[in-house]
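Counted from 1, the sequence shown has number 292 at position 48 by the working numbering; the numbering is strictly sequential.
In case anyone wonders, no lab produced these hints; they're calculated from the structure.
No experiment lies behind these values; they were computed from the predicted model shown.
Ideal placement from N, C-alpha and C gives every residue a C-beta, glycine not left out.
Hints are not guaranteed to be accurate.
[What the hints assert, rightly or not] Cβ pair distances, simulated, as ranges:
no. : residue 1 : residue 2 : range
1   : Thr263    : Gly297    : 34 to 42 Å
2   : Glu269    : Gly321    : 44 to 52 Å
3   : Ile298    : Val267    : 42 to 50 Å
4   : Ser334    : Leu376    : 38 to 46 Å
[To be verified] Here are the simulated SDA-like cross-link-like pairs (lysine to any residue), alpha carbons at most 25 Å apart as the crow flies:
no. : residue 1 : residue 2
5   : Lys346    : Leu264
6   : Lys346    : Gly395
7   : Lys346    : Val267
8   : Lys346    : Asp417
9   : Lys346    : Val327
10  : Lys346    : Tyr394
11  : Lys346    : Leu271
12  : Lys346    : Arg265
13  : Lys346    : Phe431
14  : Lys346    : Ser335
15  : Lys346    : Glu392
16  : Lys346    : Leu442
17  : Lys346    : His358
18  : Lys346    : Asp381
19  : Lys346    : Glu365
20  : Lys346    : Ala367
21  : Lys346    : Arg396
22  : Lys346    : Gly359
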Amino acid sequence: MGVTGRRRAARAGEDECATLRLVYEGLCSERNRLRDARSSFSRQLGPLPVVAGISTGTIAVFARHVHTSWLLWVALGLLAVLVVVSILYSSVPAYRQIRARKETGWRERLVSRHGACLAAEAAERGLQIEDLLAPADWYRAMIELEREIYGRRARERSPLFVRPRRGAENLQDALDSERAGLYAVQFLFGLVIVALALTELIG
Numbered sequence: 245m246g247v248t249g250r251r252r253a254a255r256a257g258e259d260e261c262a263t264l265r266l267v268y269e270g271l272c273s274e275r276n277r278l279r280d281a282r283s284s285f286s287r288q289l290g291p292l293p294v295v296a297g298i299s300t301g302t303i304a305v306f307a308r309h310v311h312t313s314w315l316l317w318v319a320l321g322l323l324a325v326l327v328v329v330s331i332l333y334s335s336v337p338a339y340r341q342i343r344a345r346k347e348t349g350w351r352e353r354l355v356s357r358h359g360a361c362l363a364a365e366a367a368e369r370g371l372q373i374e375d376l377l378a379p380a381d382w383y384r385a386m387i388e389l390e391r392e393i394y395g396r397r398a399r400e401r402s403p404l405f406v407r408p409r410r411g412a413e414n415l416q417d418a419l420d421s422e423r424a425g426l427y428a429v430q431f432l433f434g435l436v437i438v439a440l441a442l443t444e445l446i447g
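Please model the entire structure based on the sequences and the hints provided.
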């Protein structure tokens with residue numbers, strides 16, 4: 245290969261790396277967007293049961309002046325359900341857990357593609373096999389991992405009918421589960437407040 249051919253090959257390699265880098269950055273941006281959305285939902289799953297509990301406890305202190313005590317028992321029952329639902333939907337795996345699960349099989353595939361010798365060299369140097377890959381191969385490997393973590397495009401489904409998933413395999417499943425949990429907790433919280441308000445108004 246002449247000098248011109250080598251330059252063209254080098255330029256093609258640089259262009260490929262630039263393209264792969266843009267793809268990887270786009271995937272990372274989308275991953276971070278889902279992580280931020282999950283954080284927003286999960287932050288609200290905890291405080292709502294606490295507020296509902298404080299409200300119910302405050303009314304219960306003055307229960308002797310309330311004639312419609314059955315409404316207070318309804319509120320307490322709804323509060324118990326609310327706490328259980330909040331706990332169930334808060335048990336969805338965190339991002340680090342989802343990533344750790346995916347990395348195991350992903351690294352095994354890297355070893356099969358690039359050879360056990362490279363994996364052994366990485367281990368001797370205290371590194372992972374992906375740390376020794378050429379730039380283009382590294383981007384391809386990381387793109388594959390990010391797509392696995394993100395998950396395949398899910399079919400459209402109502403956010404109200406998603407069960408809590410302790411074994412959520414990707415970010416999309418985890419987000420759908422936590423969003424459904426937040427909607428359920430908000431609905432139950434509203435019912436608790438209505439029951440407490442009726443206790444005060446009727447009692």
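Going through the hints against the structure:
no.: 1; hint: Thr263 / Gly297: 34 to 42 Å; verdict: violated, 54 Å
no.: 2; hint: Glu269 / Gly321: 44 to 52 Å; verdict: holds, 50 Å
no.: 3; hint: Ile298 / Val267: 42 to 50 Å; verdict: holds, 49 Å
no.: 4; hint: Ser334 / Leu376: 38 to 46 Å; verdict: holds, 39 Å
no.: 5; hint: Lys346 / Leu264; verdict: holds, 21 Å
no.: 6; hint: Lys346 / Gly395; verdict: holds, 11 Å
no.: 7; hint: Lys346 / Val267; verdict: holds, 20 Å
no.: 8; hint: Lys346 / Asp417; verdict: holds, 14 Å
no.: 9; hint: Lys346 / Val327; verdict: violated, 31 Å
no.: 10; hint: Lys346 / Tyr394; verdict: holds, 10 Å
no.: 11; hint: Lys346 / Leu271; verdict: holds, 16 Å
no.: 12; hint: Lys346 / Arg265; verdict: holds, 21 Å
no.: 13; hint: Lys346 / Phe431; verdict: violated, 34 Å
no.: 14; hint: Lys346 / Ser335; verdict: holds, 19 Å
no.: 15; hint: Lys346 / Glu392; verdict: holds, 7 Å
no.: 16; hint: Lys346 / Leu442; verdict: violated, 50 Å
no.: 17; hint: Lys346 / His358; verdict: holds, 18 Å
no.: 18; hint: Lys346 / Asp381; verdict: holds, 18 Å
no.: 19; hint: Lys346 / Glu365; verdict: holds, 23 Å
no.: 20; hint: Lys346 / Ala367; verdict: holds, 20 Å
no.: 21; hint: Lys346 / Arg396; verdict: holds, 14 Å
no.: 22; hint: Lys346 / Gly359; verdict: holds, 20 Å
Hint check: violations occur at hints 1, 9, 13 and 16; the rest are consistent with the structure.
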